[in-house]
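We have chain A already, so just place chain U on it with the hints.
So the sequences go chain by chain: A and U. Counting along the first sequence from 1, when you hit position 31 you're at 31 in our numbering, and nothing is skipped either side. Offset between the second sequence (1-based) and our numbering: plus 1000.
Any given hint could turn out to be false.
[Stated by the list, open to error] Where chain A lies over chain U, by a calculated footprint (3+ residues, C-beta under 8 angstroms): (1) 1058-1071; (2) 1161-1173; (3) 1192-1205.
For the record, the hints were derived by calculation from the structure and aren't laboratory data. For glycine and all other residues, C-beta sits at the position ideal for the given N, C-alpha and C.
Residue-level listing of the chains:
2 protein chains.
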Amino acid sequence: MNRIVITAAIRATIAAGAFIGATVPVLADEYWDQKTSLFSILPIQSNDIVFVGNSITDGGEFSELFGIPNIKNRGIRSDVITGVEKRISQVTSGHPAKIFLLIGINDISHGLTTAKLAERYERLVKRIREESPETKVYLQSIMPINNDFGRYRNLKGKENAVRALNVEIERIAKEQGAKFIDLWPYLAGADGKLKKQFTNDGLHLNGQGYRAWTNGIRNDVKE
Amino acid sequence: MNRIVITAAIRATIAAGAFIGATVPVLADEYWDQKTSLFSILPIQSNDIVFVGNSITDGGEFSELFGIPNIKNRGIRSDVITGVEKRISQVTSGHPAKIFLLIGINDISHGLTTAKLAERYERLVKRIREESPETKVYLQSIMPINNDFGRYRNLKGKENAVRALNVEIERIAKEQGAKFIDLWPYLAGADGKLKKQFTNDGLHLNGQGYRAWTNGIRNDVKE
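Chain A with its partners taken away, still in its complex shape (with noise of 0.2 angstroms):
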């Protein structure tokens, strides 16, 4: 009984898409705060390769990926831009060589405009380059999604939202002296979609997906 509780429970969270955002506020700040409070002790160091982000980062072992130890995982899980922003002088301060950004599809599933997005995107982006000028900054696209799973409800329907903001982080990655990275081509199915074998809910990844994505931007990493 108490099991078909706590899936009822459980089911409209999901739907409510809390798992994958900042809708549960003390939640997501309780792990936030543990990961950067962690991440505090940790330094970054200028010949270190840091991958920023949300879950799909902070799910990764980079490390182990590429084989390059100086590889440091600074993803936490359900963040956004704006959370981002708010720790990143965690990374800049120990002016890295290069990082890699992978942030927003938390912020598309709360339904916020594409003006809205870029603008916080670009500020982020902004602040790096101004704290740390001396390190290369990777703009990787959102990923293409799968909603196909029907997992994430708050995800339905925000493919153009996705596509909207990638559009946007290219253009910024040219304002800003920033390269971007393209993951589609790695990840995307014909149809525009998540390959059904690169992940088991529409939106993270698998090992395999972990694979396309590291080797799509090896060389990104290693140049």
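Leaving out everything else, chain U in the frame of chain A:
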């Protein structure tokens, strides 16, 4: 309005302890599947030091904390003893130098008896020893918890269950040729609770908590 509804659903879920356990099969399995899929393409090698466990391990950045590149994180949030057993061959097949195991608090939150927990734990350790007898196995005690935070209802009143399982883990270590590491001297206050300065929810660690833990076991990692 929507926000309030979500929060209520989440509160119900927290109350049921769902976020720290496998009482939510769908969600827990999704993430478990993503991580084990990733781990399956990342081979363990004979000089590796592997941290295996649940969210407490998952949240750590052990290579950085120890300053050792060949430390690998095989933590999966929400995982339980039987979950680790299902995936342990991903680790033992690489015959790593060391395994640091930290598992059981989610099982305790699910209300199993100490005898049942010990049975499962012993089976897991036996399997590790059989599959990779050359690996040095470190069995870490369940960490102290702090219910003053009132965050995890399913851990309320479980302090004695934690202590009881730790007695069993120490026994199993002795019988199975593993090394028992009592983490309490590093993490518990005089009152037997996880020190407030190490956590923001009474269960998970913040940066100071990770520092205290990893400093405590540093000699074991480096020996």
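Which numbered hints fail: 2
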